[in-house]
Structures are given as C-alpha cells and as structure tokens.
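*Asks:* Sequence:
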Amino acid sequence: NAEDMIKEVDELKKNRENIPLNSLISKQTNLTSEVEKKNAHYTMVELREIRKDSKLLFKGTSLATYISHNAPVPFDPSFHYGKAIEDDIATFVEDYDCVPVSVDGVDIFKPYASNLRSHKHIIVWDKHRERKHAFCWYCENQGKGQIKPANVCGLTYRYKNFTVGDNYLTRKTIWETSPHLAFYFIGEVYIIDPKIVPTSQRDDFEQSEARDSFYKEEKVIASELNSRARASSGIRRAEEYVQRGAETVSTIQKELKAKEP
3 NAEDMIKEVD ELKKNRENIP LNSLISKQTN LTSEVEKKNA HYTMVELREI RKDSKLLFKG
63 TSLATYISHN APVPFDPSFH YGKAIEDDIA TFVEDYDCVP VSVDGVDIFK PYASNLRSHK
123 HIIVWDKHRE RKHAFCWYCE NQGKGQIKPA NVCGLTYRYK NFTVGDNYLT RKTIWETSPH
183 LAFYFIGEVY IIDPKIVPTS QRDDFEQSEA RDSFYKEEKV IASELNSRAR ASSGIRRAEE
243 YVQRGAETVS TIQKELKAKE P
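If you want our numbering, it's the position in the sequence shown, counting the first as 1, plus 2.
A portion of the hints provided could be inaccurate.
Pairs of lysine-lysine, DSS-like flavour, derived with a Cα cap of 25 Å [as the list claims (entries may be wrong)]: (1) K134 to K122; (2) K16 to K174; (3) K57 to K29.
Ranges between beta-carbon positions, derived for each pair [claimed, not checked]: (4) P102 to T63: 13 to 23 Å; (5) H82 to R18: 39 to 49 Å; (6) E132 to D106: 20 to 30 Å; (7) P102 to S252: 47 to 57 Å; (8) N32 to K146: 45 to 55 Å; (9) L65 to I27: 27 to 37 Å; (10) D106 to N153: 39 to 49 Å; (11) I27 to D89: 29 to 39 Å; (12) N32 to V222: 14 to 24 Å; (13) R18 to K218: 42 to 52 Å; (14) H130 to K54: 43 to 53 Å; (15) L258 to P113: 52 to 62 Å; (16) E249 to L65: 42 to 52 Å; (17) F94 to K174: 40 to 50 Å.
To be clear, the hints were calculated from the coordinates, so they are not data collected in a lab.
All C-beta atoms, glycine included, are put in the ideal place defined by N, C-alpha and C.
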C-alpha cells in the first residue's frame with residue numbers, strides 16, 4: 003500500500019528517524035507464488051489504491067520518461083560511448099546490472115545527449131585511499147555552454163543502478179564553486195561503498211560517517227570537471243580570436259586589392 007508507506011515515512015521524519023527501504027517494502031508488500039512453466043519467464047506487478055497525484059504515470063510517455071531516468075535500464079544502443087562506459091562501470095562496480103524494460107512495446111533506455119567529448123572516469127576514495135566510495139563517469143559538452151535538454155545534463159547518483167535524487171542533488175553536494183559548470187557535462191556517480199545507502203525516499207543518502215566522508219572526498223569530481231570546462235572555454239575563445247583575426251586580415255586584403263590601380 004503506497005499511501006501507508008508514505009504516511010509511515012512522514013511520521014518517522016517528524017521524529018528525525020528513518021527506515022531501510024527493504025524493511026519498508028517488506029511491511030507493505032504481500033508475495034505469493036504459483037507453479038509456472040519454465041519457459042514462461044516474466045514479472046507481473048499489480049498496483050492498487052493508486053494516489054491521484056501518481057496517475058500521470060499511466061500515460062505511456064510519462065512512464066517511459068520516468069523509467070529512463072530512474073530505473074536500471076541499459077544505455078541507448080545509438081549512444082556512441084554507451085558500450086565503452088558500461089564496460090568501465092562493470093569493471094569497478096561489482097553489483098552493476100541492467101534490466102530490459104519496455105512500455106507499450108517500446109524498449110526503454112537511459113537518456114543521453116549528442117555532441118559530446120569522449121568519456122572519462124574518476125574513482126572517489128576515502129581520505130586514506132583505503133576504500134573506494136564511488137565510481138564516476140562523465141562526458142563534456144563539445145559545444146558551448148550547458149548541455150540540452152535540461153533533464154539530461156549534469157551528474158546523477160546511482161545505487162545498484164537506481165537513481166538517487168536528481169541532477170541538482172549532485173550539483174549541491176559536489177560543487178562548492180561555479181556549480182553552473184556541472185551542467186556542461188553528463189554522467190553518473192555509482193556508489194561502491196556498502197556503508198553508503200539511500201534514504202527510503204531515495205532523495206539523498208542516509209547520514210553516516212561513510213556518507214560524510216564521501217561528500218567531502220567527492221569534491222575531486224568538481225575540481226576535475228571545472229578545470230576541463232575552463233580549459234575548453236579558453237580554447238574556444240582563442241579559436242574565436244584567431245578566426246576573427248583571419249576574417250579581419252581577409253577583409254583588409256580585399257580592400258587593398260580593390261584600391262589597386
């Protein structure tokens with residue numbers, strides 16, 4: 003019962019308490035099993051007492067968009083760097099997995115942007131470099147400014163390949179200066195440290211010593227991305243100056259030639 007789940011979470015929050023997501027689901031979920039043919043593999047979920055404000059998910063396009071941003075679906079086959087990125091993730095993230103999902107017969111994939119520079123990755127360690135907190139991959143906009151559309155740009159946290167929060171959560175927790183540069187990139191931050199777990203509402207991570215260490219050490223991501231964004235901006239400005247200079251020289255040459263007797 004989704005409504006009872008939300009009520010319980012709200013009551014706990016009033017007392018500054020939390021409950022693990024698996025415990026919350028177990029309390030409000032009934033599981034039954036039946037004998038089935040071995041070659042008939044599927045999962046069926048029946049939703050009851052749907053909240054009025056959640057019924058927009060019955061619209062195929064809205065549901066597909068939500069799943070593409072939040073569920074553990076694979077990268078779009080047309081994403082040029084998708085396969086290489088998945089290989090990198092699988093190397094560093096032990097519990098990484100993808101699940102094929104379709105809505106109204108259409109396969110759902112993670113969203114991506116075009117016109118990107120080749121992907122890079124960063125490992126976030128604890129301060130003693132004894133334990134990995136997270137794995138981050140990112141691609142920089144090859145063009146000028148922030149990546150479009152707005153719901154694709156920036157970084158998102160992933161826990162067991164499910165999204166935690168949105169692209170503004172990472173912008174708030176990772177960036178201390180020039181946070182607008184976060185949207186010059188797309189990417190994901192996969193949690194590796196088992197001591198870092200999301201809240202039951204999956205809008206942040208539960209407060210813990212491991213989370214506090216992670217939030218401190220992940221600033222290395224902002225440092226690298228800000229440096230890359232500023233370097234790219236400097237190169238573009240230099241290229242623009244050279245182009246304008248070449249155009250000026252060409253114009254002067256034409257004017258001088260026109261004045262020749």
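*Asks:* Indicate, hint by hint, whether the structure satisfies it.
*Replies:* Now for the hints, and whether the structure bears them out:
no.	hint	result
1	K134 to K122	holds, 17 Å
2	K16 to K174	holds, 24 Å
3	K57 to K29	holds, 23 Å
4	P102 to T63: 13 to 23 Å	holds, 19 Å
5	H82 to R18: 39 to 49 Å	holds, 46 Å
6	E132 to D106: 20 to 30 Å	violated, 48 Å
7	P102 to S252: 47 to 57 Å	holds, 55 Å
8	N32 to K146: 45 to 55 Å	holds, 54 Å
9	L65 to I27: 27 to 37 Å	violated, 20 Å
10	D106 to N153: 39 to 49 Å	violated, 21 Å
11	I27 to D89: 29 to 39 Å	holds, 32 Å
12	N32 to V222: 14 to 24 Å	violated, 45 Å
13	R18 to K218: 42 to 52 Å	violated, 22 Å
14	H130 to K54: 43 to 53 Å	holds, 50 Å
15	L258 to P113: 52 to 62 Å	holds, 53 Å
16	E249 to L65: 42 to 52 Å	holds, 51 Å
17	F94 to K174: 40 to 50 Å	violated, 24 Å
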